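Novice: What follows is the residue order along each chain.
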Amino acid sequence: MTMPAPYQVSRFGLIDTSPTGTLAALARRSEGLAIPLAALLAGLLLFGLFLLMLGKSPVEYYALVYKAGFGTAFSWQNTLSRAAPLLLTALCVALPARLGLVVIGGEGAIVLGGVAAGAVAMLIPGGGTGFILMMAMFAMLTGALWIGLVGLMRFYRGVNETIASLLMAYIGIALMNHLVEGPLRDPNSLNKPSTLPLTPEQRIGDLPGMDVHWGLAFGIVACVVAWILIERTRWGFAARIAGGNVRAAQIQGLPVGWLIVGFTALGGAFAGLAGMIEVAAVHGSANASLAAGYGYTGILVAFLARHNPLAIIPVAILLGGFEAANGLVQRRMDLPDATVLVMQGMVFIVILMSETLYGRCKLFTPEKWRAT
Amino acid sequence: MSTTVDIGMWGVPLAILGGAIRVSTPFLFVSLGEVLTERSGRINLGLEGTLVFGAMAGYAAAYESSSPWIGVLGAALAGTLFGLLHGWICKFPRVNDIAIGIALMLLGMGLAFFFGKPYIQPVAPDLPSIPLGAWSDIPQVQAALNVNALFLIGIVIALLMTWMFRSSRLGLIIRVAGDSTDAARAMGLKPDRIRLLSTAAGGALAGIAGAYLSLYYPGSWNEGISSGQGLMAVALVIFARWNPLYCFWAALLFGGAGALGPALQSVGITQGYYLFYAAPYVLTLGVLIATSSRNQTLAGAPGALSITR
Numbered sequence: 001m002t003m004p005a006p007y008q009v010s011r012f013g014l015i016d017t018s019p020t021g022t023l024a025a026l027a028r029r030s031e032g033l034a035i036p037l038a039a040l041l042a043g044l045l046l047f048g049l050f051l052l053m054l055g056k057s058p059v060e061y062y063a064l065v066y067k068a069g070f071g072t073a074f075s076w077q078n079t080l081s082r083a084a085p086l087l088l089t090a091l092c093v094a095l096p097a098r099l100g101l102v103v104i105g106g107e108g109a110i111v112l113g114g115v116a117a118g119a120v121a122m123l124i125p126g127g128g129t130g131f132i133l134m135m136a137m138f139a140m141l142t143g144a145l146w147i148g149l150v151g152l153m154r155f156y157r158g159v160n161e162t163i164a165s166l167l168m169a170y171i172g173i174a175l176m177n178h179l180v181e182g183p184l185r186d187p188n189s190l191n192k193p194s195t196l197p198l199t200p201e202q203r204i205g206d207l208p209g210m211d212v213h214w215g216l217a218f219g220i221v222a223c224v225v226a227w228i229l230i231e232r233t234r235w236g237f238a239a240r241i242a243g244g245n246v247r248a249a250q251i252q253g254l255p256v257g258w259l260i261v262g263f264t265a266l267g268g269a270f271a272g273l274a275g276m277i278e279v280a281a282v283h284g285s286a287n288a289s290l291a292a293g294y295g296y297t298g299i300l301v302a303f304l305a306r307h308n309p310l311a312i313i314p315v316a317i318l319l320g321g322f323e324a325a326n327g328l329v330q331r332r333m334d335l336p337d338a339t340v341l342v343m344q345g346m347v348f349i350v351i352l353m354s355e356t357l358y359g360r361c362k363l364f365t366p367e368k369w370r371a372t
Numbered sequence: 001m002s003t004t005v006d007i008g009m010w011g012v013p014l015a016i017l018g019g020a021i022r023v024s025t026p027f028l029f030v031s032l033g034e035v036l037t038e039r040s041g042r043i044n045l046g047l048e049g050t051l052v053f054g055a056m057a058g059y060a061a062a063y064e065s066s067s068p069w070i071g072v073l074g075a076a077l078a079g080t081l082f083g084l085l086h087g088w089i090c091k092f093p094r095v096n097d098i099a100i101g102i103a104l105m106l107l108g109m110g111l112a113f114f115f116g117k118p119y120i121q122p123v124a125p126d127l128p129s130i131p132l133g134a135w136s137d138i139p140q141v142q143a144a145l146n147v148n149a150l151f152l153i154g155i156v157i158a159l160l161m162t163w164m165f166r167s168s169r170l171g172l173i174i175r176v177a178g179d180s181t182d183a184a185r186a187m188g189l190k191p192d193r194i195r196l197l198s199t200a201a202g203g204a205l206a207g208i209a210g211a212y213l214s215l216y217y218p219g220s221w222n223e224g225i226s227s228g229q230g231l232m233a234v235a236l237v238i239f240a241r242w243n244p245l246y247c248f249w250a251a252l253l254f255g256g257a258g259a260l261g262p263a264l265q266s267v268g269i270t271q272g273y274y275l276f277y278a279a280p281y282v283l284t285l286g287v288l289i290a291t292s293s294r295n296q297t298l299a300g301a302p303g304a305l306s307i308t309r
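These protein sequence lines are chains B and Z, in that order.
352 is the number that this note's numbering gives to position 352 of the first sequence; each next residue is one higher, with no gaps.
94 is the number that this note's numbering gives to position 94 of the second sequence; each next residue is one higher, with no gaps.
Keep in mind that the hints are not guaranteed to be accurate.
Straight-line Cα separation of at most 27 Å, DSSO-like style, residue types lysine-lysine; simulated pairs [claimed, not checked]:
1) Z:190 x Z:91
2) Z:117 x B:67
3) B:362 x Z:117
4) B:56 x B:67
5) Z:91 x B:368
6) Z:117 x B:56
7) B:192 x Z:117
Quick caveat, the hints were computed from the structure, so don't treat them as lab data.
Predicted model, so just to flag it, every value in this text is computed and none were measured.
Take the sequences, apply the hints, and build the full model.
Specialist: Spelled out as structure tokens, the structure:
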């Protein structure tokens, strides 16, 4: 196992990979970091250009984002609170992506997970840590069912998972509206139909010594668990094989159907947990505020992190900072609240375009070094 | 409506028919645009964003020029730009057209909300409609058959597109590019350019669908103007087997499903309003499950399409 292979199989056949020194290894590994970083920078520059064309100062914009997102302890707390749901919704994209599936309907799982949490709090009396864990279990189960259904449809009927998951998100939001305005409605919520407010014992508090709720810890733990699952277990390995070539995986006898359903369901469970956290830590009851777009921002987080669960952590914090700063940007620069959406869209497109660069830069491919 | 004749429960099917015609037009335009794009071998999932941006651009252009038709033109132009962007980005190797579609969907909505803020208040001129129900004395019939010109234009485009794919040189070129990149190259065609232009034209049609939303029904610009018509239309194309004429029937069916909730509400059934609101999505999903297949390629699917491989 310790002998370095002098040849490596690639899609071009057997190729000589003789530069095996530390430098070559470092170059290969840094490609996955350098290209997304460069693309992120390019996307932010592009957005700066957009602001410049509108007669706004990009320098002021980024200075404000730094100040309101990362400048003070208070802004960090705001940023981390917003990053918490993004960590979980990004996993809803990143886990199925290991199987080559593009699932983008995390918003539906958040919303229904939140409703499940609100319903549990409403129907079952109680409170405390055990109760909160039970609430989380119900929310995760709801999310797992919702997105797992997408995986099921994909495997058994070949239904395109991207379209199906987004349709499920629309259905989920309609279902939430139905439940919150009908059977689960608190008669006292007049302007904004909601479930009964959670009692203080049912709510999630803050992390010790910080003004950030426990959702952040849940999110980081979920990312680490997902990373271990993907990188260090045989299921993660099998998923990567199935993501590369379904036919080959089936010939190997891998349970492709179980992998697809399992990974989509797990992603959905994390998004459902995000909904429960939003209810139990932020809103205090389930209502239409749950559909705040965290599911859609999570797509961008996952793609920026190249579907690596550990990379999701810094990316979610970065984008959480942009969202946290949006209010200040609106007030100070007289920009509409959709500013952050435009920024996200531009960064997203540049990130996807950067996919074409992999394996093309000489710096990162030691195989090409000898040619010069 | 000034007077209504009591026609009892007959009001429901009539309202659904009228609603189907009204609601189906955006489905028709987006799905025709997507058929054109997918027949050339690419899938553009971003038409939802194009539709929303088209709705904004159309409304703004109609307001500034006080002509609804200039609004439609503006929306088509904006849609073309989005299509060109999609087509251009997708020509780079290893760029995923589905993912680019998602990104463009988010960008299109973001840009529409960004530039659309000042146009939420003002009132733009509406597109005119043709009273095909003038022969009847019953106001409900007249209301149901008040058909917008864009609906009729959509039918004409569907017929033209069917003819184009079946018996014109241009249609053949697009189909070759869609069925096999290699075959197209062997014939001396440039698949990337064909796809670029097809995506651009598809984007223009999706933009017009958006203009219909903001300039006719519901007839105003706001951030919740689209309820996912652009996305449902993409699913509808699979149901319609990439055939423009089937797209028309499918669009009518989806329009009817979308009109179910309001129609029931008009006769006093308000229970479960939000569940009826979900009817088109459930229908789309059901249709996808029924028409997709686990093992074989779908009949009528363009061979080079990433969604069917």
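Novice: Determine for every hint whether it applies to the structure shown.
Specialist: Verification of the hints:
For the hint linking residue 190 of chain Z to residue 91 of chain Z, the alpha-carbon distance of about 11 Å falls within 27 Å, and the restraint holds. At roughly 26 Å between alpha-carbon atoms, residue 117 of chain Z and residue 67 of chain B fall within 27 Å of each other, so this suggested pair holds. Under the criterion of a C-alpha separation no larger than 27 Å, the hint pairing residue 362 of chain B with residue 117 of chain Z is inconsistent with the structure, at around 46 Å. For a cut-off of 27 Å, the pair hint linking residue 56 of chain B to residue 67 of chain B stands: about 18 Å separates their Cα positions.
Our distance criterion of 27 Å between C-alpha atoms is met by residue 91 of chain Z and residue 368 of chain B, whose separation comes to about 25 Å. For a cut-off of 27 Å, the pair hint linking residue 117 of chain Z to residue 56 of chain B stands: about 17 Å separates their Cα positions. Between residue 192 of chain B and residue 117 of chain Z, the direct Cα distance comes to roughly 24 Å. Compliance with the 27 Å bound is thereby established for this hinted pair.
In summary, the one numbered hint that this structure violates is 3.
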